[in-house]
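Number of protein chains: 2
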Amino acid sequence: MSDSQAHLLTQLAACLGPHGLLTNPDQIGPYCQDWRRLFSGRAIAVLRPADTQALSDALKLCAAHVPPVNVVPQGGNTGLCGGATPDDRGLNVVVSLSRMKALGPVDRTDGTLLAEAGATLASAQDAAAHAGMVLPLSIASEGSAQLGGIVATNAGGSKALRYGSARDLVAGLEAVLVDGTRLDLLRSLRKDNTGYALRQLLVGSEGTLAIITRVRLKLRPALAVREVALCALPDDASVLRLFDIFRKRAGDVLEAFEYISGTAMEIALQYVEGLTFPLSERAPCYVLVELAGQDSSLRATLESALEEALEGEVAVDAVVAESSSQVAMLWRLREEQSESQRLAGASIKHDISVSVPAVPTLLDKATAACRALMPDVRIAPFGHVGDGNIHFNLVQPEGMGADVFLREGKTLTHAIHEIVHDLDGSFSAEHGVGQLKTDMMETWRGGAELALMRRIKAAFDPEGRLNPGKVLPVN
Amino acid sequence: MSDSQAHLLTQLAACLGPHGLLTNPDQIGPYCQDWRRLFSGRAIAVLRPADTQALSDALKLCAAHVPPVNVVPQGGNTGLCGGATPDDRGLNVVVSLSRMKALGPVDRTDGTLLAEAGATLASAQDAAAHAGMVLPLSIASEGSAQLGGIVATNAGGSKALRYGSARDLVAGLEAVLVDGTRLDLLRSLRKDNTGYALRQLLVGSEGTLAIITRVRLKLRPALAVREVALCALPDDASVLRLFDIFRKRAGDVLEAFEYISGTAMEIALQYVEGLTFPLSERAPCYVLVELAGQDSSLRATLESALEEALEGEVAVDAVVAESSSQVAMLWRLREEQSESQRLAGASIKHDISVSVPAVPTLLDKATAACRALMPDVRIAPFGHVGDGNIHFNLVQPEGMGADVFLREGKTLTHAIHEIVHDLDGSFSAEHGVGQLKTDMMETWRGGAELALMRRIKAAFDPEGRLNPGKVLPVN
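Protein chains in written order, with UniProt numbering: chain A, 1 to 475; chain B, 1 to 475.
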């Protein structure tokens, strides 16, 4: 370590206080690897500020250092694309927000919760529930994922159909720029047309424009009534016809509309213990639908929609949950999808989206392409079909080794992405770009769009020191 | 006119085709003045492109010209802050989108409408209704206001409580940068985390970053049932208690929650013919509430909320509309506010917002301040209280001349804005900054926020030729 590095660490230690700076390699290690173990890098220290001021002061020290110090913000380190993992070049510090986890009181009249970036999503959900409200954002990693990362990656999840993704739920935020400047966008205004949408721009920028330190999240009143049904459909094309029926009859209270392919259902029933198939016969595909609201009329709404679907042969069968345990049982068929596919062998996941009308075409073409390339592959798509977001997952053929499957599967991934690209879709619906997918930005978002993103990056971070190598491909 | 200007106009005429270029001063005049007649400027021509390609080509010609040509985009010219009016310095061309008014077919499954920027909001509403859907955005000038301007100014209006402002309703857009580069962000994806939120950034940028040429707008299913009530309240503090009751009992179907002060109600009843007061006694203030949804249970929801309000003395009286003509009659009490104040004399308007919990404080303090400065002024606030957006309007005292009122009223405006600023509110909730309010940006949005906005402006428009003098104060 050079004298100047040692001096910087001394200054940072003084600025961040006890427990505020980690320099021991054993302690730093976990911050330098993503949880999928796809990426690892190096850092000279982990900064753990206790508040925004300490972070601001620490970043000013980093900004003044020669040679330049790169700064990599990290939340719960649950991201899927390596967006919070430092590289192994230059001088990196990781900024962990995990000590900043205060949850402000819920303001029920404002309908918001103020929280520090290091609070977990689950703790924020609990705080909302304690006040009789709901934070309508839910993802699999919510027990560890932190709000700063949730907002920085514009997390989606199963409730986005009704409530939108993280960007739609952020009423305000505070951030610190890489030079230490504090940016206060916390004001809670439902209408404010005074200049550019900095808040919306920072959401989803994956820590490359600023480090989010506090967020004000929109809450909703808790809903008293849930009605859940599983529908069996004759084919993928009927999924959209069923969606039309439900949007027309229950648009205001449609809480979830989740697709499960026939193969995905079979794998779940085969590999997960305790699941029971609630219909009399298997079908080509299924939709799990939930309505949620304040009054008992939901049941009649659900039943009238199902009646229209069955009469029109949009659905061939349907079952309505009659108790909360049946609600849970039906939802398990959807929620156990990832686990059942893990139990079934190696799998290749595709986080893709297209416009809602294009979903049947996507399913049809991608299935045909995969079938042609690898006839025995288990094609097990499921997901948030109401958002056009399909987890188009492929599971290892029963007679093929995992290594062979993962190697040969690259051609299937390529074929799937070509189909999505032709449909003007997205190669990353929910998970972001991170460092995993930067090489796709040129092809998918190149030209004027990528050029503007680069200029915006330079406007916030002219030296390119904040989370380098993420989102934007290296020139 | 210089030779180079004449040459440019010849080139532009060839590029834009018949009817594509106006150079006659009589024809140009209306484009050089805002409709409130607060601002006027000069332009050497009005460009009226027939499509995006023609606009792109024309802007490339302007970019190549020496000296620089400034470009001012204009929609229906209904803005309230002079955001679409050229200044009288340098070489300006106005770009009018009015020939680009095609409305694509409604995609009912996608729930979107593709439209060119020059289509009026009313024509887009009609196209949605024709397909059995609703474009849930409504403003007073919707018959003339064009979609490009609606999106560029992030228009709000009376339905924003439930559906959000324009930014929340834009699924995609196409724009042209000042150098003629086309930016295609039209893809209709409900989930897409591939880079920075350019679309959200362009919405509300008031034509200073790019010229919006096409938009894809989110539609909603048409709602079959409306229930409307007028509530009389004992004081302004009860407004929020009533809001709490309605959000709890009818959060999903709460379509409108509009405040009318006692004075505003009196002025409406006094000056507008044909209005009838539907309650037995006058009250300090009123709330007009509407629920809208798909089924007949709304009436019971409304009645149970009113019952709770009356029992808790949050409301002192209430009337529920029993027919569509009564619905219209109750809504007229709100909709005639602007007209009645115009009939009552000169008025000074304030387009302000605060967080919802701060509304009673705002009303209380601003009323006291105005009363102290001008005891006889008629303080007649009304507005979108559920959004924290109050039209805090002042009407000329009966014994004072309009000129004196408007002159002396400046001190009242200053006092009101000081109170809003102390409450961390906004001086422009809906109408934007334009050129009318740029001088307020330094005080209200200065420091890091304004500095970043300037750098973003430079990222999109390094020469500062696109709508100069708007949004950002001149250095």
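The hints are simulated quantities; they were obtained by calculation from the structure and are not laboratory data.
These numbers were taken from a predicted model, which means no experiment stands behind them.
All residues carry an ideal CB built from backbone N, CA and C; glycine is no exception.
Do not take every clue at face value.
Claimed, not checked - If you want the footprint, here are the derived chain B segments under chain A, 3+ residues with CB under 8 Å:
#, region
1, 47-57
2, 99-105
3, 362-369
4, 418-428
What the hints assert, rightly or not - The following residues of chain B were derived to be distant from chain A, with all beta-carbon distances above 10 Å:
#, residue
5, Ala14
6, Phe39
7, Asp126
8, Gly293
9, Gln294
10, Glu303
11, Val327
12, Ser353
13, Gly388
14, Gly432
15, Met453
16, Ala458
Going through the hints against the structure:
Closer than 8 Å: that is the beta-carbon criterion, and the region 47-57 of chain B has 0 residues meeting it against chain A, so the requirement of 3 is violated. Only residues whose beta carbon comes within less than 8 Å of a beta carbon in chain A count, and the region 99-105 of chain B has 0; fewer than three means the coverage is violated. Counting residues of the region 362-369 of chain B whose CB lies closer than 8 Å to any CB of chain A gives 0, which falls below the minimum of 3, so the coverage claim is violated. Here's how the region 418-428 of chain B fares: 5 of its residues keep a CB closer than 8 Å to some CB of chain A, so the rule of at least three is met and the hint holds.
For Ala14/B, the requirement that its beta carbon stay farther than 10 Å from each beta carbon of chain A is met, with the minimum near 25 Å. For Phe39/B, the shortest C-beta to C-beta distance to chain A comes to about 18 Å, beyond the 10 Å cut-off, and the non-interface label holds. Taking the minimum C-beta to C-beta distance to chain A, about 20 Å, the non-interface status of Asp126/B holds against the 10 Å cut. Distance check on Gly293/B: its Cβ comes as close as 5 Å (rounded) to a Cβ of chain A, failing to clear the 10 Å threshold; non-interface status is violated.
Distance check on Gln294/B: its Cβ comes as close as 6 Å (rounded) to a Cβ of chain A, failing to clear the 10 Å threshold; non-interface status is violated. Once the 10 Å rule is applied to beta carbons, Glu303/B is consistent with being away from chain A; the minimum gap is 12 Å. No Cβ of chain A approaches the Cβ of Val327/B within 10 Å, the least distance being about 19 Å, so the stated non-interface status holds. Interface exclusion of Ser353/B from chain A breaks down, the closest Cβ pair being 5 Å apart, not more than 10 Å.
Some Cβ of chain A comes within 10 Å of the Cβ of Gly388/B; the nearest lies about 6 Å off, and the non-interface call is violated. With a least CB separation of 5 Å from chain A, Gly432/B falls inside the 10 Å interface cut-off, contrary to its annotation. At roughly 5 Å from the closest C-beta of chain A, the C-beta of Met453/B falls inside 10 Å, breaking its exclusion from the interface. For Ala458/B, the non-interface assignment is contradicted: its Cβ lies about 7 Å from the closest Cβ of chain A, within the 10 Å cut-off.
Checked against the numbered hints given earlier, the structure breaks hints 1, 2, 3, 8, 9, 12, 13, 14, 15 and 16 and satisfies all the rest.
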